[in-house]
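Colleague: In order, the protein sequences belong to chains P and B.
All residue numbers for the first sequence refer to this note's numbering, where the first residue is 699 and numbers rise by one.
All residue numbers for the second sequence refer to this note's numbering, where the first residue is 154 and numbers rise by one.
No lab work stands behind these hints: they were computed from the structure.
Each hint should be verified, as a subset may be incorrect.
As the list claims (entries may be wrong) - To spell it out: a stretch of chain B is covered by chain P in this simulated footprint if at least three of its residues, at any positions, have a beta carbon under 8 Å from a beta carbon of chain P; those stretches are:
#1 245–257
#2 307–316
#3 425–436
What the hints assert, rightly or not - Below, simulated DMTMM-like cross-link-like pairs (lysine to aspartate or glutamate); rule was C-alpha separation at most 25 Å, straight line:
#4 B:Lys360 x P:Asp954
#5 B:Lys360 x P:Glu705
#6 P:Lys769 x P:Asp751
#7 P:Lys769 x P:Asp936
#8 B:Lys360 x B:Glu372
#9 P:Lys769 x P:Asp873
#10 P:Lys805 x P:Glu742
#11 P:Lys805 x B:Asp179
#12 P:Lys805 x P:Asp936
As the list claims (entries may be wrong) - Cβ-to-Cβ under 10 Å is the rule here; a few derived chain B residues that face chain P:
#13 Leu181
#14 Leu189
#15 Gln214
#16 Val217
#17 Ile218
#18 Val236
#19 Leu283
#20 Ala284
#21 Gly292
#22 Leu451
#23 Val460
Just so it is clear, the structure is predicted and the values come from calculations on it, not from any experiment.
Beta carbons: idealized from backbone N, C-alpha and C, even for Gly.
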Amino acid sequence: MSAFSLERVSPRRRRADRLARGAVAALTLVALVPLALVVWYLLEQGLGALSVDFFTTDPSGSFLGDPGGIKSAIVGTVLMVALAAAIAVPVGVGVAIWLVELGRAGKLAQAVRYFVDVMTGVPSIVFGLFVYITLVTTGFGGSSFAGWKGSVALALLMLPVVTRSAEVVLLLVPDTLREASYALGAPRWRTIVRVVLPAALPGIVTGVLLAIARAAGETAPLLFTAAVVNATTVDLGDRMNSLPALIFQNVAQPQDRLVAIAWGAALTLVAMILILTLLARLIQRRSRLS
Amino acid sequence: MGAGAITAAGARRRELQGSPAARLPDRLLRWGLTALSVGVIALIAFFFVRLIVESEPVFSQHGVIDYLFTSDWVPSREVYGAVPLIAGTLITSAIALAIGVPVAVATALYVTELAPARVRGPLTVLVELLAAVPSVVYGLWGFFFLIPTLQPAERWFADTFSFVPFVGGAVTGPNYFVAGLILAIMILPIVSAIAREVMSTVPREHKEAALALGATRWEMIRMAVIPYSRAGIAGGAMLGLGRAIGETIAVTLVIGNAPAIGDSVFQQGYTLAAVIANEFGEAASDPLHRAALIAAGLVLFVLTLLVNGVARTFVVRAERGTRAAAKPAAGMSA
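Chain P on its own, in the form it takes in the complex (with noise of 0.2 Å):
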């Protein structure tokens, strides 16, 4: 005989908890409806568009004859996107070690912090339009759009992203480390370079990807600094192609052939980007920090 008599909770709790339940496993799968939308019109449309030449020749520009591939948008994506994080990889780590190991708890560390948020929630497209006012209606460096400057816009927009990513992992390496290296008479820049960046290069390598494949997917700063091209440039002072902004203007066209090329370029550059995305998960995973 048991002491306790456990009452059955009423069929109206077992309901309400049912449904509720059930809803939140509806609402669940109903997250994963627009993916798999997206996916599977990306691949139905895209995919005939591949091809060898695809991949090898330029957009021709012509409205009504062979339109071309996206061979100029693929290598200005490529470029602009490399001198992106090339600017913005060594601020952005400088800024967070600066943040870790000197700045720390400081007044001026929390006003560093505040405004690298900022940064983070200022959209893309007021980056491109700050580029645009700054570096191409005044013609600086000789010339109004280009390469470079595009890649300004994408590394202003990387920025934050990599310093808040190499925060969060130089916040984890231990202190102990640091201390060891102390003890044992090294200065403090040795500390840095030799200990404690090695030891968070996994995850600053997991950072700085997923900055990249945010930037190679934005079209808003690119429209206002690189413009839009069909001829293969790899001069970074030239106005430059790019993936998203070559689908951007081919959405438009009432042209068929022209909108087969956006989804060829959309189903290329998300390509890239997933790879680079599940890279950095593989990375991340690998790392034994976080």
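Please build the complex by placing chain B on the supplied structure of chain P, with the hints as guidance.
Modeller: Only chain B this time, still in chain P's reference frame:
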């Protein structure tokens, strides 16, 4: 003797610190990195000043009040009233929140509380993949798939529920609702990620206490999980709002770009971000038009600044609550 001890200690310290030359790299590192960090602040300040200076022509011509509170945007007549743009931004963002936040919270609840352990990881990755799709691809998809697919349903809805304010009336292909829906999809990953993070910090004791008192799973969620994570969810929603306000390309492609306030959510409109992307080409040779667009950027900047400021206070409050709890931040890195 005292003096001797001090000099001895001083000598010892100097020896440990090394010569001034040996300390130079440390100094350089410190000053270099400090300069870099202060540079970030200077950059944002410069940024703000530039936007104000460059939008000045439109403000001196029309006045700030006229720009912000009149509703005619006619570049050909040099009339710039930003009300339709601001309204469009707010309407689409509100729709995005209304659709996106419940779905995001449900996803987070499912992953943290209800899902079998096996599907948690994959589900999280799938939701995060939504963030990997670029804005322009959502725009492309919205333009060619969502607009034609949704139109019959929108028409039916507008006819059936025409008594509801802002629903009845004509339905255009591109409209506020489609834009809001795409924004909802785009903000889902971030809102969901933050909700998941705060929900995973709910102390196990709270949940077990609820269950021990005989609560069903759902009652436990309502009594223990939701109240504890409310501030964090609100913060996540505000961050999502910040994203939605500034989103440009996807919205430009599906909102119709008509500078008037539509009568219902199924009519076309314009947003601050879309007007900049769309009109900057033609504005290049017209200083006043350009200033009007830069002013739109300034309004956008200030709006996101306000929204993110509010979001931050919410998230900070949520984190503080977490820290005060018995087991702090167990799942913050998840």
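Colleague: All hints are to be evaluated individually against the structure, with a verdict given for each.
Modeller: Hint check:
For the segment 245–257 of chain B, the stated coverage by chain P holds: 3 residues have a C-beta nearer than 8 Å to a C-beta of that chain, and at least 3 were required. For the segment 307–316 of chain B, the assignment as covered by chain P is violated, since 0 residues bring a beta-carbon within under 8 Å of that chain's beta-carbons and 3 are needed. Evaluation of the coverage hint for the segment 425–436 of chain B: fulfilled, as 4 residues show C-beta separations to chain P shorter than 8 Å, against a requirement of three. The suggested pairing of B:Lys360 with P:Asp954 is violated, with an alpha-carbon distance near 56 Å, which exceeds 25 Å.
The suggested pairing of B:Lys360 with P:Glu705 holds, with an alpha-carbon distance near 20 Å, which does not exceed 25 Å. For the given pair, P:Lys769 sits about 9 Å from P:Asp751 by alpha-carbon distance, which is consistent with the 25 Å threshold. At roughly 16 Å between alpha-carbon atoms, P:Lys769 and P:Asp936 fall within 25 Å of each other, so this suggested pair holds. Proximity of B:Lys360 to B:Glu372 is assessed by CA-CA distance (about 10 Å); at most 25 Å being required, the pair is judged to hold.
For the suggested pair P:Lys769 and P:Asp873, the alpha carbons sit about 49 Å apart, so the restraint of at most 25 Å is broken. About 54 Å separates the Cα atoms of P:Lys805 and P:Glu742, which puts this hinted pair outside 25 Å; it is violated. For the given pair, P:Lys805 sits about 21 Å from B:Asp179 by alpha-carbon distance, which is consistent with the 25 Å threshold. Taking the CA atoms of P:Lys805 and P:Asp936, the gap is about 42 Å. The hint is violated against a cut of 25 Å.
Because the beta carbon of B:Leu181 sits about 8 Å from the nearest beta carbon in chain P, less than 10 Å, this interface hint is met. A hinted interface residue such as B:Leu189 counts as satisfied when its beta carbon comes closer than 10 Å to some beta carbon of chain P; here the least separation is about 5 Å, so the hint holds. Evaluation of the B:Gln214 hint against chain P yields a violated restraint, the C-beta minimum of about 18 Å exceeding 10 Å. Among the interface hints, the one on B:Val217 is violated; its C-beta lies about 19 Å from the nearest C-beta in chain P, farther than the 10 Å criterion.
Interface restraint check: B:Ile218 against chain P, minimum CB-CB distance 23 Å, threshold 10 Å, status violated. Contact between B:Val236 and chain P, as hinted, is not supported at the beta carbon level, the nearest pair being about 20 Å apart and thus beyond 10 Å. The criterion of a C-beta within 10 Å of any C-beta in chain P is met by B:Leu283, whose closest approach is roughly 5 Å, and the hint holds. For B:Ala284, the shortest C-beta to C-beta distance to chain P is roughly 8 Å, which falls under 10 Å, so the interface hint holds.
Annotation: interface hint on B:Gly292 holds; nearest CB of chain P at approximately 7 Å, less than 10 Å. Because the closest C-beta pair between B:Leu451 and chain P is about 8 Å apart, less than 10 Å, the hint holds. This hint holds: B:Val460 has a C-beta 8 Å from the nearest C-beta of chain P, less than the 10 Å allowed.
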